[in-house]
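> Protein chains in written order, with the working numbering: chain V, 233 to 744; chain C, 3 to 101; chain R, 1061 to 1589; chain A, 3 to 647.
Treat the hints as calculated values from the structure; they're not laboratory data.
There's no promise every hint is true.
[Unchecked claim] Cross-link-like lysine to any residue pairs, in silico, SDA-like; alpha carbons within 20 Å at most:
id : chain 1 : residue 1 : chain 2 : residue 2
1  : C       : Lys100    : A       : Leu628
2  : V       : Lys302    : R       : Val1572
3  : V       : Lys646    : A       : Val237
4  : V       : Lys302    : R       : Gly1575
5  : V       : Lys425    : R       : Ile1422
6  : A       : Lys186    : V       : Gly613
7  : C       : Lys100    : A       : Ala609
8  : C       : Lys100    : A       : Phe615
9  : A       : Lys580    : V       : Asp536
10 : V       : Lys724    : V       : Asp445
11 : R       : Lys1472   : V       : Arg342
12 : V       : Lys425    : R       : His1423
13 : V       : Lys646    : A       : Phe615
14 : A       : Lys395    : A       : Ile312
15 : V       : Lys302    : R       : Arg1583
16 : V       : Lys606    : A       : Ala191
17 : R       : Lys1472   : V       : Arg396
18 : A       : Lys186    : V       : Thr675
19 : A       : Lys186    : A       : Asp383
20 : C       : Lys100    : R       : Val1572
21 : V       : Lys606    : A       : Pro187
[Said to hold, decoys possible] Some chain R residues close to chain A (C-beta under 8 Å, calculated; not the full set):
id : residue
22 : Val1087
23 : Gly1308
24 : Leu1309
25 : Met1372
26 : Thr1392
Ideal Cβ positions, reconstructed from N, Cα and C, are used throughout, including at glycine.
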Amino acid sequence: MSNDFPWLSVLLFLPLVGAVAVMFLPKEGPLAKQVAFGVSLLTLALGIAIAIDYSPDGGTQFTENVEWIKSFGAHYALGVDGVGLTLVMLTVILAPVVILASWNDGDAGRWSPRAFFAWMLALEGLSIGVFAATDVFLFYVFFEATLIPVYFLVGGYGGPNRARAAVKFLLYSLAGGLIMLASVIGLYVESAKTDGGATYLVSELAKIDFGTDVGRWLFLGFFVAFAIKAPMFPVHTWLPDTTENATPGTSVLLVSVLDKIGTFGMIRFCLELFPEASRWATPVVVVLAVISIVYGALMAIGSDNIPRLIAYTSVSHFGFIVLGIFVMNSQGLSGANLYMFNHGLSTAALFLVTGFLISRRGSALISDFGGVEKVAPVLAGFFLVAGLSSLSLPGLSPFVSEFLVIVGAFVHSKVAAAFAVSGIVLAAIYILLMYQRTMTGPTREEVAGLPDLRPREVLALAPVLVLVVVLGFFPKPLLSIINPSVDHTLSKVDKHDPAPTVAESTPEGAHE
Amino acid sequence: MDVTPFIVLSAILFTIGCVGVLTRRNAIVVFMCVELMLNASNLALVTFSRANGNLEGQIAAFFVMVVAAAEVVVGLAIIMTIFRTRRSASVDDASLLKY
Amino acid sequence: MKFTAPHIEYDLVAPILIVLGVAVLGVLIEAAVPRVHRYLVQTVLAAVGIVAAIVAAVLVLNRIHPRAENPKPGFLSAEGALAIDGPTLYAWLLILGLALLGVLLFAERRLEGGVTAFAGQAAALPGTEAEREASAKGLEHTEVFPLLMFAVAGMLMFPAANDLLTLFVALEVLSLPLYLLCGLARRRRLLSQEAALKYFMLGAFSSGFFVYGIALVYGYAGSMRFERIADAVAAGAGSHALLLGGMGLVAVGLLFKVGAAPFHTWTPDVYQGAPTPVTAFMAAATKVAAFGALLRLFYVAFGADRWDWRPMFWVVAILTMVVGSVLALSQTDVKRLLAYSSIAHAGFLLTGFLGARSLGDIHAGDINPVQAVLFYVTTYGLTTMAAFALVTVVRDAGGEATHLSRWAGLGKESPLVAGSFAFLLLGMAGIPLTSGFTGKWAVFASALSANAWPVVIVAVLMSAVAAYFYVRIIVVMFFADPVGDGPTVAVPSIMTSAVIAVGVAATLVLGVFPGPLLDMLGRTAEFIR
Amino acid sequence: MSLTPLHDAAAVPAVHPTDAGSLGVLLLLVIGLPALGAAVLLLGGRRTDKWGHLLGCATVIGSLVLSLVLFFDLLGKDAGERQLTQDTWTWFTAGSYKVTFDLLYDPLSAVFLLLITGVGSLIHVYSVGYMAHDERRRRFFGYLNLFVAAMLVLVLAGDYVGVFLGWEGVGLASYLLIGFWQHKPSAAAAAKKAFVINRVGDIGLSLGAALIFVTFGSTSFTVVSAASEHAGDGVLTAIGLLLLLAACGKSAQFPLQTWLLDAMEGPTPVSALIHAATMVTAGVYLIVRSNFIFSLTEDARTAVIVVGCITLLMGAIIGCAKDDIKKALAGSTMSQIGYMVLAAGLGPAGYAFAIFHLLTHGAFKANMFLGAGSVMHGMDDDVNMRHYGALQKAMPLTFATFAVGYLAIIGVPPFAGFWSKDKIIESAFADNFVVGLCALVGAGVTAFYMSRLMLLTFFTKKRWEKGVHPHESPNVMTWPLIGLAVLSAAGGLLLVNDWIVDWLTPVVGEHAEEHLSVSPLVMSLIALLVVALGVLVAWVFVGQRDVPREAPVKVSFVTRAARAELYGDAFNEEVIVKPGWSGVRGLAVFDRGFVDGIVEGTAASFAGISSRFRLAQNGFVRSYALALLAGAAMVLLALLAVNFS
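Sequences and hints are given; from them, build the entire structure.
Here you go:
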C-alpha cells in the first residue's frame, strides 16, 4: 500500500459518497439500509488495511497536502499519527456497529430511514476528516461540519423534545466553535507575521513561538471549544439533554466518536501548539477535570433516566481523559489516549444495549424496569459486561486506561489522584445500582413479555464486547502506536517523566 | 475675510431644519425643513468657496439645488400617493410597519 | 475667456453611460411602445444593456489587469471625477451581476398569475374600483425597469466617485429611483407606500447631513477631490474641528445607506414593505455600492487620519452587530428578519472595514481589508438575493406568506425550497463550506490584523446569537408541523429559479473554493488616487 | 515493638525467581483449565446444561492435580530455588512503566494453590448435589470456575497490577454468586453492597500501586522487593496503609466488614469457598506477599495489628448473637481472619502463622459451612438455628464432620485449629500483652459462640417447623464433608518441626525468634483453659435452658448491638448513604437550576432584551429621524472624544 496514494482521502470520501448514493435509493425497502451497511463495512476494511500498513513509530503517515485557499494559508492536508489513527479506527469500527444496531430506529423518524442512514454515513466521513486533518483550518471546517448531521439526526429521529435538544446541542457547540474561530483566525494573523507567511499546517505552526500573552489567549479560545465538546464541567449540560432525546445510534456516534474531538483537540492543538499556555493552565484544568469526574459520577447516580445516566458517566470518564492529558506525563497521556478508544467501545456497548432495552419497554426510566434478567438473560449478560467495562473492571479494556490515568495523575499530584480515584467507587455504584434496579429482583409484569436479544442485535454488540475483552488483556496493539505519539507530545510540551524516587531500582525494559 | 458669521448662520439654519424635521407632522413641512438643511449646506459651500478662492463650492451649490429639485419631484409624488390613500399628510399616520 | 471642453474617456466610463442610456431609452419606450409589448421590450432591453455594460467593464478590467501589457493600477477619468481602478471595476461587475439577477426577479410573472409583482397602476387608490379594473386588465408598471437602470447607474458611479460632489450626485441618483420602487408593490400597497415615504423622508434627512458634511470637508481641504483632501489631511493644515465635523457628517450619510446602527431604523420597515424583488436588489446591490464608496472615501481621502475615525467605526460596528443580531431574535416576519440579518451583516462588513492599516503593515499575501470587505459583500449579496427570491415563492391566498408561522412544515411541503433556504441560512450563519464562513473568516482576519480584537470578539459572540435565529427558521421549516393548511410553494418561472440557483451555487462554490476570487481581489484591490 | 528489624538489620528477602522452564506450562494450565471451563459454561449457553457441572468439577480437579505436581516439584528443590517465574506477555507499557502478566510460583503461592484447588474441588463436587434442583446450575458452575481462575491469578501474579486483576476477578465472581438468586432483592442488594465496599478497598490497591510505581518505577514484586529497603519510612508506611485498606475491603476487616454477613445471601457452597476459605483471605495474602514492605514499616504493622484485634473481637461478638447459622459462621470467619491479619501484622514473627492459620481455617471453616449447608438441605433451607435442635441423630454424618470442624476452630488439640491459633496467641503475647490478651479473649468467645451453635443445632430439644423431616444428605455432598473433616483434623501436621515456617522462609524471611516470658506450654494451657471456660458458659446458658423458637426481644444492650452487627450498617446508612443521597439530589437541582440555568438564562435574557428593544422600532418616522440625529451626535462625539482626549 503505497503511501503516496491518498488513502485517507478515499477513507474519508467513501462514506460521504455513500451517503449521497443512499439518498438516491428508493425510500421503501431495506435496500438503503443494506447499502449503507455495506459502505460502512467497506470503510472498515479500508481502515483496517491502513492500520496494518501504519508503522508504529513513523510519526505522521499517509500524509496528503494540497494547497486549498492560498490567501488563508489553508491546505487540504491529511495524515494520521498514533492518536489520530486510533480515533479513526474507533470511528470506522463503530459505524457499522451502529448502523446494524439501529436498523429500525430510522423508521419512526420524521423522514425516511434512508435519510437517517445517509446522515450516519456523512457523520462517519466527517469524523474521519476531523481526526485526519493536519491543517487547523481544515480541522475547523470538519469540526463545525459534523454538527449538521448530528443536528438532523437528533432533531429528526429522536424522542419527544428532540427539536429543542437538537437546537441546544447545535447552538452550544456552535458558540464554542465560534470562540475557537477567533483563535483560529488569531493563528492566521500570528503566522502571517512570520517569514514563512500565513499557514495553517500544524507542522509549521508548531514551530512558531507565540508570545506568552498571545499564546495564552489563543489557547483559551481552543480550550473552551474543546471543553464544551468533551464535555467538561461546567459546560456539560447539553450532553444529557441530547442523549435523552437522541436515538441510541446517534448517541453512540455523538459520545463515543464526536466528543473525542474535544480531547483529541486538547492534545493536538492545546498542548502541541501552545505548550507554555498549557502548562500555565494545568492547575485549573486538572481541578476542573477532577470535578468533572466526581460531579459526573454523582449526577449519574442520581439520574433515573438511562440515557441521561450514561451521558453523565461520560462526563465523568471525560474528566479522567482530560486529567490524563493535562498531567503531562507518559502514563497519563498514554492512558488518556487509550481511554478515548476504550471509552468509545464501552459507552457504545452501554448505549446500544440499553437502547435495545428501552425500545422494548418503551420507557427510559430505570424505575419502570425490574427483574429483566429472568426474561432476557442474554440481554442482561451483555448489559452487565458493558456496565462492568464502563466501571473499568480489570480484564476489560477500560481498566488499563483508567489505571494509567490514575497513576499518571498520582505522579503529577497525589491529591488530584486521591480525588480522582473516588471515581472508581462511584462508578461501581451507578452501574450496579442501574443493573440492580433494572435487571434483578422480582420480574415486573410490564417487562414480563420482553423478548431477548435478536440475532441482529447480538451480532451488532458482540464485536464490541469481544474487542473490549481482548484489549483488556492485550492492549499492546493500541499502545504500541499510541506511545510514540505520546513521546512526541511530551517533547512538544517539554515535559519529562520524573525518575522513581528510589534510584536503585531501574526496571528492566525501561523507555521502550 | 472672516467666514465665521456665515458658517454660524448656516449652522443655525441647519439646526432649524433638523428641529423642524423632528417636530413637524405634516409631510410637506417636514420636507421643506429638509430643503432648509440643504440650503444651509449651500450657504456653507458658497462661503467656503469664497474663502478658499476657488469655484468648486459654488458649482457644488448648483448641483445641490438641482438634486434638491429632483428630490422634490420624487418626494411630492410619494407624499401625494400617501395623501390620496390616507387622506392625511401627517407622517405619523403612516406607522403600520413597526417592531 | 476660452472654454475648454472637459475631456472624458468614454471607453472607461462606458458601463455607466450604457446603463444610463438604456434607462433613458426605457423612458422613451414607455412613451412610444404600445402597452402590450412594453414588458417584453423593457425586460430584454434592460438585460441586454446590463450584459453590454458587463462586457464594457470587463474590457476596462483587462486594461488594468496585471496580465495586460503595460498594466496600470487604474485610471482617473472625467477630469478626475471618477477613479476607475480595481475596486471600482470589481464593484461594477458585482453590481451589474446583481442588477441582472434583479431584472430577472423584476420580470417574474408566473408567481402573480401573469403579471409582475408591481402595482398595476400606482395612481389608483388601494381597494378602489380603479385598482380592481387595473388588475383586471392585467396592467403593470414597466417603468420599474428604467427606474432600476437609473438606480444601477447611480450605484456604478458611487464607488467610482473620486470627489465629494460626484459622490453626492451618485448617492442621490441611486436613492431616488429606489424610493419610488419601494412604493410600487402590487399587494399590501399601504405598507409599500409607507415604506417609500419612510425611506424617502429619512433618506432626504440623511443626505442633508451628508451635504453639510461635504461643505465642512470642503471648507477644511479647500477642494472636493479625494487626493487633495488626502494631501490636506496628511499635511494637517486647516482647522481640525472642521475636518472632524465634516468627516462625521459625511460618514452619517454613508452609514445610513449601509444600514448601520443607529442609522438602521429605516431598514426593517422598508425591507418589509417594499416589493420583495426590490428588497432583494436593494439589500444586495446598495450595500456593494455604499461599501465601495465608504472604502474609497475613508481609505483614500481620510486614510491618513484613521487614528481619529477608527474608534468611531469600532463603536458603530459593535453597535450594528449587536442591534442586528439581538433584535432579529424576536422577529416573526421572514422579510423583516432578513432585514435585521442584513443589519448584522453590515456590522460584520464594518468589522472588515476596520482592518484599515498602512500598506507597510500588510505583507504580501495577507488578507487586506479592501479584499476582505469586497469578498464578504459578494458572498452576502448573492446569498441574500437568493434568500429573498425564495421568499417570493412561498405564498398563500394573500400573496407572499412572510409570517414565520406560515412556514411551518415547509420541509415536508417542498424539501427542495426548504432545503435550499436552509442552506442559505446556514451560509448567513457562517457554517463552514458555505460562502458565509469564508467571508466571515476574511473580515475577522482583516480586523484582527489591525488589532481590533475587541470588535472581533463581539463579532464571534454575535455570530453565535445570530446563529440562533437562523436555526430557528430551520426548526420551523423542518421540525414543526404546519398549522392549518400549510404554505403552498408556487412554481416560479425559469427567471426566479435562475436567481435562486445562482445564489445557492455561489454560496456553495465560494464556500469551498474561494481561492480564485480571493486571489483576484488580492491582486486588484488597490485604490488609486 | 521489639521485633522490628531496623533498616540496616536483616534485609527483607528479595524475589528473584528463576525461569520455571517446563513447569511454566503447568502454571499456565492451572489457571487456564478453570478459565476455559468458565468460558465454555458461560458462553456455551443452554447447550451445556446437561454436562456443565461435570465439566466444572473436572477443570478444578485438573488444576488440583497440576497444583500437586507443581507442589512436589517445588518440594524437591532446595530452599534457595523455590521461586519460579513464567514469562507470558507484556500487559501494557507507558513511558518507563511496564506491567507484565508474568507468573510467580513460590512456596506461598504453592500452598495457596493447594488450598484453592483442593477446597475448590471438594466444594465443586458438593455443589453438584447441593444445586441439583436449580435450573441455572450450569451457570453456577461457570461462576465457580471463573472464581477459581481469578483466585489463582491473584496468588500467581508477579506484579501488583496482576494481583489487582485477580483481586477484582474474585470480586466479580463473588458479586455474581452472592447475587446468584437475583430474583431475591435482598440477594441483589447484598451482591452490590459487597462489590461497592470492595471497591472502596480497591482505592487502596490503586493508589498503593501508583505510589509503589512512583517510588520504585515498577510494580513487579521482583523490583520492589529488591529496592524496598532503600525507600523512606514515610513512603513505606503510606504504601503499607494503602495496602491495608485494600486488605480490609477484601477480607471484611474493620471498618469495611459490613458486607460479609449480607454476603451469606449466596448459596452455601459459595459462602464456604469464597466467603470462608479463599477469597476473604486474599487480604492476608496481600499483606504477607508484601512482607518486603511491611517488615520495614513498624507503623503500618501496628495499624494492621489494631485492625486485626478489633475485627477478631467484633466478629466473635457478632457470632455470639446471630440465630442465622450462616451469619453466625460468617461472624466467626471475620473473627478468624482477624487472627490472621493480627498475625501478619506481627511481621516476620507472624507471617508464617498467619498463613498456617489461613490454611487450617480454610479447611475447617469450609467444612462447617458445608455442614451448615447440609443441615439447611435437610431443614428445607431454613437457616434459623432456633428451629433446629437435636439433629445429631437425624444427620449423623453431617454432625460428625461438623464436630471435627468445631473442635478444630475452638482449638482443641490435636485438631488443626489448636496449633495454628495457639501459635498466633503466643506470638501476640510475645509482641505485646494487650494484643495477646485480645487474641486470648477472642479464643474464649470463639469457644462460646461455636458451642452455642453446636448446641442449638445438634443438641437440645427439637424445635423443627411442621412438615420438616431432617435427613442425611446424598453422598456427593457428604464425601466432601468427610474430606474436609480429615483436613481439619490433620491440618496440624503442617507444624511438625516447624515445616510451614521453614517452607515459607524464602518468601517472608527468617522467622524472628520470639522470647516469651512464660514457656509455650504454659501459654497453651492458659489458652485451653480460656477455651474450656467459653464452652462451659455456652453449656450453662444455652445447653441447660430450653431455647425459645422466637428470638427474645428483651435482651441486654450488648446482645442487641451484636445482633445489629455492632451497628456497622447503621453507621454507614446514617453517615454515608443518607447524606450521600440528599447530596446527590441537591446536586441534581444545582445542575438543572444553576449550571444549566446560567446557559438557558443567558439565552432567555437575550430573547427578553430583544423583545423589549424591538418596541423602540415604533413605526413613527420622526422617531427614526431622532435616532438618526442621535447617531450623528454620537459619531461626532466619538470623533471629538478621540481627538481631544
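> All hints are to be evaluated individually against the structure, with a verdict given for each.
Evaluated hints:
no.: 1; hint: C:Lys100 <-> A:Leu628; result: holds, 16 Å
no.: 2; hint: V:Lys302 <-> R:Val1572; result: holds, 13 Å
no.: 3; hint: V:Lys646 <-> A:Val237; result: holds, 12 Å
no.: 4; hint: V:Lys302 <-> R:Gly1575; result: holds, 6 Å
no.: 5; hint: V:Lys425 <-> R:Ile1422; result: holds, 9 Å
no.: 6; hint: A:Lys186 <-> V:Gly613; result: holds, 18 Å
no.: 7; hint: C:Lys100 <-> A:Ala609; result: holds, 18 Å
no.: 8; hint: C:Lys100 <-> A:Phe615; result: holds, 12 Å
no.: 9; hint: A:Lys580 <-> V:Asp536; result: holds, 18 Å
no.: 10; hint: V:Lys724 <-> V:Asp445; result: holds, 19 Å
no.: 11; hint: R:Lys1472 <-> V:Arg342; result: holds, 9 Å
no.: 12; hint: V:Lys425 <-> R:His1423; result: holds, 8 Å
no.: 13; hint: V:Lys646 <-> A:Phe615; result: violated, 53 Å
no.: 14; hint: A:Lys395 <-> A:Ile312; result: violated, 38 Å
no.: 15; hint: V:Lys302 <-> R:Arg1583; result: holds, 13 Å
no.: 16; hint: V:Lys606 <-> A:Ala191; result: holds, 16 Å
no.: 17; hint: R:Lys1472 <-> V:Arg396; result: holds, 19 Å
no.: 18; hint: A:Lys186 <-> V:Thr675; result: holds, 10 Å
no.: 19; hint: A:Lys186 <-> A:Asp383; result: holds, 15 Å
no.: 20; hint: C:Lys100 <-> R:Val1572; result: violated, 39 Å
no.: 21; hint: V:Lys606 <-> A:Pro187; result: holds, 13 Å
no.: 22; hint: Val1087; result: violated, 30 Å
no.: 23; hint: Gly1308; result: holds, 4 Å
no.: 24; hint: Leu1309; result: holds, 7 Å
no.: 25; hint: Met1372; result: holds, 4 Å
no.: 26; hint: Thr1392; result: violated, 10 Å
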